[in-house]
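*Asks:* As a plain string of letters, each chain reads:
There are 2 protein chains.
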Amino acid sequence: MIKLDFDKTGGLLPVVVQDYETNEVLMLAFMNETAWEATLSTNKATYYSRSRKKLWVKGESSGNVQNVKEIRIDCDDDTILLKVEQVGGAACHMGYKSCFFRKVEDGSLTVMGKPVFDPKEVYGETSH
Amino acid sequence: MIKLDFDKTGGLLPVVVQDYETNEVLMLAFMNETAWEATLSTNKATYYSRSRKKLWVKGESSGNVQNVKEIRIDCDDDTILLKVEQVGGAACHMGYKSCFFRKVEDGSLTVMGKPVFDPKEVYGETSH
Chain Z
1 MIKLDFDKTG
11 GLLPVVVQDY
21 ETNEVLMLAF
31 MNETAWEATL
41 STNKATYYSR
51 SRKKLWVKGE
61 SSGNVQNVKE
71 IRIDCDDDTI
81 LLKVEQVGGA
91 ACHMGYKSCF
101 FRKVEDGSLT
111 VMGKPVFDPK
121 EVYGETSH
Chain A
1 MIKLDFDKTG
11 GLLPVVVQDY
21 ETNEVLMLAF
31 MNETAWEATL
41 STNKATYYSR
51 SRKKLWVKGE
61 SSGNVQNVKE
71 IRIDCDDDTI
81 LLKVEQVGGA
91 ACHMGYKSCF
101 FRKVEDGSLT
111 VMGKPVFDPK
121 EVYGETSH
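Heads up: the protein sequence lines correspond to chains Z and A, in order.
The UniProt record's numbering numbers the first residue of the first sequence as 1 and each following residue consecutively.
The UniProt record's numbering numbers the first residue of the second sequence as 1 and each following residue consecutively.
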């Protein structure tokens, strides 16, 4: 088993998630050791939700899971990079392919591109 | 000024750093609000070093700075993505282009590619 440095940062490591075909960065999430081991054994990206304080299989509610194609580890053993196939085409809960759909331009944020889905249809009116 | 959610995570936000031409992820670092404002005003990637507990202009000792070409913000205002021109060609203190030079294969880590520079020549024998 590959041992990562979960102790250094209070048990949670940042995870950079890229589209395995285009290298577009889709999102950033966190894993604790249980999420890391679940990701390795299931090949579905599994994170630790800091807001809900529990394991979170990405796409468990929407069906838009992330199939893991490649895993990289950084030089300090404290950051994970996943290259994934994003089922449904969108990683962001706001319906965009990437969570990084806003660009800094002239001191403000410009939305780039269009949503792939309507969050209200996927998650309902009030939650995400 | 664009306001990010520095309060949510104790003042430090993760920053994903990509090569602006290839979209390869080079490293992950952290910014506090001062580092964020310095990056915006100087256009050189400036981070907060968690180990040294101070601002860190990437490349200040080696000359291998990161010229910022594009900045993206995620949907929660709590993660930054920089697309940079990495002067010197390598972002990793171990001499590799990317800090993510190791891949998970069959339960262990395989080094991908070769270093761009020898860290001993750039930083000296004992430090990085």
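Wrong hints could be hidden among the right ones.
Since copy identity is lost for identical chains, a pair holds within one copy or between any two.
[Claimed, not checked] List time: in silico EDC-like cross-link candidates among lysine to aspartate or glutamate, alpha-carbon distance up to 20 Å:
#1 LYS44 - GLU105
#2 LYS83 - GLU21
#3 LYS103 - GLU33
#4 LYS53 - GLU33
#5 LYS53 - ASP7
#6 LYS120 - GLU70
#7 LYS3 - ASP106
#8 LYS103 - ASP19
#9 LYS54 - GLU33
#10 LYS103 - GLU24
#11 LYS83 - GLU24
#12 LYS69 - GLU24
#13 LYS69 - GLU105
#14 LYS53 - ASP106
Worth flagging that the hints you see were computed from the coordinates, not collected in a lab.
Keep in mind that this is a model prediction, so the values were computed, not measured.
*Asks:* Could you work out which of the previously given hints the structure breaks and list their numbers from low to high?
*Replies:* 6, 14
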